[in-house]
Amino acid sequence: MDEKKFRQNSRRELLKLTPVLALGAFAIPSLQEGLLKRGLRFSDWMGARLFRRGHLATTFNNSEVTPFDKFPLNTYDVDDPGVIFENWTLTVSGAVEKPGDYTLAQIQALPRLTQNTRHVCVEGWDVIGNFGGARLADFLRMVGADPAARFITVNCADDYYESLDMATAMHPQTLLCYEMYERPLTREHGAPLRLQIPTKIGYKQAKYLTDLKVTHLLDRVGYWEDQGYSWFYGL
Amino acid sequence: MSSTVIEVIEKEKKTGDETPVVVGRAVYEHPLVVRLCHWINTVALFVMAGSGLQIFRAFPSFGAKIPQKDLLHWPKAFAIGGWLGGALQWHMTFMWIYMGTGVLYLAYQIFSGNYRQILFTHRDAPGVWPMVRHYFFFGPKPPAREAYNALQKQAYAAVIVLGILSVATGFAVWKPIQFSWLAWMMGGFHYARIWHFAVMWAMLAFVLGHLVMVILHGWNNFVSMLTGWKKDPEY
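Chains as they are written, first to last, in this note's numbering: chain A, 2 to 236; chain B, 2 to 236.
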């Protein structure tokens with residue numbers, strides 16, 4: 002090969018690297034948002050595939066539990082939305098046989114489960130807490146939820162909202178939580194009822210629940226999800 | 002040297018004499034798939050480190066949340082994503098590109114047998130110190146017998162291990178329950194996050210050394226990573 006041909010050949014080989022420039026699409030403002038949303042959706046899809054229904058989150062000894070006063074409070078709006086406990090009910094709607102208002106006593110009549118599990122915040126910190134409540138799966142059976150429904154959505158007294166895939170909702174460690182550290186939930190931690198889902202990231206654990214809907218279609222996803230965070234975010 | 006093609010560069014004399022003259026040799030060092038993986042992975046690593054540091058900014062500590070003791074304040078100018086949710090979108094998108102090029106590269110190396118070029122074995126160990134002495138302490142240059150010297154082999158083999166570790170620690174942080182065995186090997190979610198951070202710095206240290214070497218000694222290597230061809234190799 003003479004030198005001219007060699008140079009031609011080198012140029013040709015260099016041009017074959019042009020597919021790398023496709024990554025430049027991420028630098029174009031009008032394309033960036035869509036591409037990153039797609040990437041996040043793919044990660045969520047993958048996360049749902051990786052979720053194993055029967056696989057339990059690690060539980061911890063009482064000696065490993067973070068003291069109650071070191072368990073962080075994260076609220077998006079107010080620490081206490083002023084729920085009037087005497088009038089409180091959980092309003093159940095959607096694809097269920099027995100929609101209506103359920104009292105805390107009805108939920109507490111279901112088998113009580115307590116667990117020491119790790120709470121992981123999207124910010125990166127983690128604590129081990131003690132939680133008590135009824136399995137969401139037991140509650141869904143009680144209200145006659147359609148087993149073919151795909152999602153659960155919840156609304157909260159502070160206007161927070163969240164949603165769950167049915168596989169996670171039916172997970173044996175997913176709780177309608179009314180106790181922390183063997184005591185009734187405090188107002189700051191979501192009294193009278195919150196979600197506690199050891200297999201999900203922190204912001205999925207909605208507090209001050211007021212409404213629960215079983216649904217085939219998601220109309221509202223979640224407060225932080227609407228700001229751009231992952232929907233599935235299973236641990 | 003395994004299967005790389007050696008071409009002879011010839012130039013016809015302008016004097017009318019048709020006899021070709023050998024003016025140099027060239028070796029086809031890097032097939033297209035390796036070059037594509039190298040450069041796409043370069044971009045992906047840059048985005049992963051930048052967005053990872055922005056994620057770190059949300060909780061720049063490896064201790065408790067209460068009381069929080071920040072490890073360092075990483076400047077926003079050297080981070081990607083702008084805010085935690087944005088950085089997570091970048092991280093969750095580019096991790097697939099990062100892993101994809103890593104897997105493709107490893108598969109190619111294994112099936113082509115090319116991995117032998119950079120496989121660091123006990124036979125290479127005695128050659129490391131003379132190379133360090135040459136590069137950093139003005140020692141004599143050891144003769145080159147292969148495409149990669151002992152120090153290069155050690156560095157490239159090590160960075161492949163680091164790449165695998167970055168993915169393993171990443172999965173332990175992203176899915177500490179589904180990959181509980183991975184998280185367990187690293188001491189649980191809390192420590193997996195520390196390992197993930199440490200592996201990033203180790204990779205960035207490699208990148209720094211790699212860049213310094215290319216600038217000081219490796220112009221021909223840089224060209225061959227672009228065109229595949231290295232002119233007048235020393236081996």
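These are calculated hints, taken from the structure and not from any lab test. Beta carbons: idealized from backbone N, C-alpha and C, even for Gly. Where hints are given, some of them may not hold.
Output of the computed footprint for chain B on chain A, the stretches with three or more beta carbons under 8 Å from beta carbons of chain B [as the list claims (entries may be wrong)]:
# : region
1 : 126-136
2 : 203-217
Not the full set, but computed from the structure, chain A residues with beta-carbon under 8 Å of chain B [to be verified]:
# : residue
3 : 85
4 : 89
5 : 145
6 : 229
Hints versus structure:
Check on the region 126-136 of chain A: 3 of its residues sit with their Cβ under 8 Å from a Cβ of chain B, so the three-residue criterion for coverage holds. For the region 203-217 of chain A, the stated coverage by chain B is violated: 0 residues have a C-beta nearer than 8 Å to a C-beta of that chain, whereas at least 3 were required. A least Cβ separation of about 30 Å between residue 85(A) and chain B goes past the 8 Å threshold, and the interface hint is therefore violated. Of the supplied interface hints, the one on residue 89(A) is violated, with its beta-carbon coming no nearer than about 29 Å to a beta-carbon of chain B, more than 8 Å.
Annotation: residue 145(A) was flagged as interfacial toward chain B, and the flag is violated, the nearest CB pair being 29 Å apart, outside 8 Å. Among the interface hints, the one on residue 229(A) holds; its C-beta lies about 4 Å from the nearest C-beta in chain B, closer than the 8 Å criterion.
Checked against the numbered hints given earlier, this structure breaks hints 2, 3, 4, 5; the rest are met.
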